[in-house]
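Participant: Chains A and B are the protein sequences, given in the same order. Per this note's numbering, residue 57 is the first one in the first sequence, and the count goes up by one each step. Per this note's numbering, residue 387 is the first one in the second sequence, and the count goes up by one each step.
No lab work stands behind these hints: they were computed from the structure. The structure presented is a predicted model; accordingly, all values stated were derived computationally and were not measured. Every residue gets a Cβ at the ideal spot worked out from N, C-alpha and C, and that includes glycine. Check each hint, because a few of them may be wrong.
[Said to hold, decoys possible] One side only, chain B facing chain A, incomplete, derived with CB under 7 Å:
| # | residue |
| --- | --- |
| 1 | Ala431 |
| 2 | Ala433 |
| 3 | Pro481 |
| 4 | Glu546 |
| 5 | Met547 |
| 6 | Met550 |
| 7 | Ala551 |
| 8 | Leu556 |
| 9 | Trp643 |
| 10 | Ala646 |
[To be verified] No more than 20 Å apart at the CA atoms, straight line, and that leaves these computed lysine to aspartate or glutamate pairs for EDC-like:
| # | chain 1 | residue 1 | chain 2 | residue 2 |
| --- | --- | --- | --- | --- |
| 11 | A | Lys176 | B | Glu639 |
| 12 | A | Lys176 | B | Glu629 |
| 13 | B | Lys584 | B | Glu641 |
| 14 | A | Lys285 | B | Glu535 |
| 15 | A | Lys176 | A | Asp165 |
| 16 | A | Lys176 | A | Asp200 |
| 17 | A | Lys63 | A | Glu76 |
| 18 | A | Lys176 | A | Asp198 |
| 19 | A | Lys63 | A | Glu129 |
[As the list claims (entries may be wrong)] From chain A, some residues computed to sit far from chain B (all C-beta separations above 10 Å):
| # | residue |
| --- | --- |
| 20 | Met57 |
| 21 | Gly71 |
| 22 | Thr79 |
| 23 | Tyr120 |
| 24 | Glu129 |
| 25 | Arg131 |
| 26 | Ser147 |
| 27 | Arg159 |
| 28 | Ala161 |
| 29 | Lys176 |
| 30 | Asp200 |
| 31 | Glu206 |
| 32 | Gly231 |
| 33 | Gly260 |
| 34 | Leu262 |
| 35 | Glu277 |
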Amino acid sequence: MTLLQLKAVGHVYLGRPVLEQVTLQVSQGEMVALVGPSGCGKSTLAQIAAGLIIPRHGQVERGYARCAFVFQEPRLLPWATLEANVALGLSGLPVARSERRTRIAAACDRVSLEESDWQKFPSQLSGGMRQRTALARALVADPDFLYFDEPFTALDAALRRRMQDLVVVTASDSGKGGLFITHDMHEALRICHRIAVLDRYGHGILDCVSVPETPGHRSEEMIFETARKLISDHPLFAVVEEHDERRLA
Amino acid sequence: MGRAYRAGRVARFLWSGWAGFSGLAVFAAVWQLGAEAYGSFVLPAPAETIQTLFKLAADPDNRMLVLSTSLRALAGFSLAAVFGTMAGVVAGYHPAIMRLARPQVTLLIGVPPIAWIVLLMIWFGMGAGTVIATAAIAALPLVFVGAAEGIQTRDRGLEEMARMAGLSWLARLFQISLRQMLHAVFPALVMALGTAFKAAVMAELLANAGGIGGALANARSALDVEAALAWILLSVIALISVEYGIVQPLRAEAEAWREAAQPWGVRR
Chain A
57 MTLLQLKAVG HVYLGRPVLE QVTLQVSQGE MVALVGPSGC GKSTLAQIAA GLIIPRHGQV
117 ERGYARCAFV FQEPRLLPWA TLEANVALGL SGLPVARSER RTRIAAACDR VSLEESDWQK
177 FPSQLSGGMR QRTALARALV ADPDFLYFDE PFTALDAALR RRMQDLVVVT ASDSGKGGLF
237 ITHDMHEALR ICHRIAVLDR YGHGILDCVS VPETPGHRSE EMIFETARKL ISDHPLFAVV
297 EEHDERRLA
Chain B
387 MGRAYRAGRV ARFLWSGWAG FSGLAVFAAV WQLGAEAYGS FVLPAPAETI QTLFKLAADP
447 DNRMLVLSTS LRALAGFSLA AVFGTMAGVV AGYHPAIMRL ARPQVTLLIG VPPIAWIVLL
507 MIWFGMGAGT VIATAAIAAL PLVFVGAAEG IQTRDRGLEE MARMAGLSWL ARLFQISLRQ
567 MLHAVFPALV MALGTAFKAA VMAELLANAG GIGGALANAR SALDVEAALA WILLSVIALI
627 SVEYGIVQPL RAEAEAWREA AQPWGVRR
């Protein structure tokens, strides 16, 4: 079953095309990584797919019932406690008060947020706890599709690894569909089933590679070796490591 | 946030009052120096003024005058808070409306309150209506600018997040945008409250509408500087009571997270 289908999607910012003819399909139980150099339009594409931006061209077909978005920054309400921030993910759902608490507890438990921290404000939490709260907010409503827009870029290596494992356990291995934006090949190989490469200028998906084995069962050696091979041997993946930000004006 | 947290917050506020009292003590010392230099006819000493203040406050009629001025100022402030916030939110969301509204705000700020009092005396007569309208007109631009600024500078990323979390546009307005606006509105409300009190006393004095302004007019005709200063102190006490009795507790409740974000040394 296809949960997300982008058909020849294109978008224009300030009269300049940033995405053209992007076609992509994500099936149920599949986490697809979208990689590409900085400024190639990955985040714009994710926002178009999620419905935050209306595309100028093309069609977006969503086959999922409910989705959640984990942004690059945690985007927590600074005036709300950790518990209230997680509860925000249940907005618009007819959930009884007692069940509400149970679901919040379950979501916090999945991302290892202890109950003693639930009444803290975001300013009282560490960077990792904030991002875990954002992940709990996304998971609390049990969405069938998840969008991740470079959610762990600002975290240090150890915390990043821990968060990646959390995503594997809570999303990639649980039959949900998802689109994971990243420019880190190792992250993509660790979390996703397929890796799509977006053109440097946003002119479509250049290639889509299936990663052997399932996320969570790949060894570190396999991840590092595959990343090395893809970047050195595969000309399309070489662009992922480029850092020249494309200028809009 | 439980009762213990709120009690702790009130206790911390009261404790921090010592710093305020020491500031007032310095002011009183300077006042005393002035009184000794110029004599009690020009500037009565603080102790004499406070004695007069207690005498005035002991009279129920005078307490009614203070209450009357406070209620008028509060009514004007409330009107300004409601209409200023509503107009500010609309202007904050729509840059075109903001561009149209800016000149009106400049006009309202630029026209001196005395001119409004003259016009309002003609329109509403010499009663409470003039005083309330003067206070409202003087306070409205401050609230408008605060609300518009709060909406314009809101974090749009939070709205996108709320949209993805499934909040309706009405829920996003009340739970996200208006909450973000508070950081700019509360300082504006504090300024507007002070302005409303000043404008109300001035309007009462010029329109002969009773209240503290009327009592000040009487003290002026009797050349009673001591009573005039005591009435000024009473109006300041009334303003402080409203600010720290209503506005600041509301702010503390709505912005409790800011206190949590402050480092320990700043909080205590």
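Participant: Hint by hint, which ones does this structure get wrong, listed from lowest number up?
Facilitator: As far as the earlier hints go, 1, 2, 3, 8, 12, 13, 14, 16, 18, 19, 24, 25, 26, 29 are violated by this structure, in ascending order.
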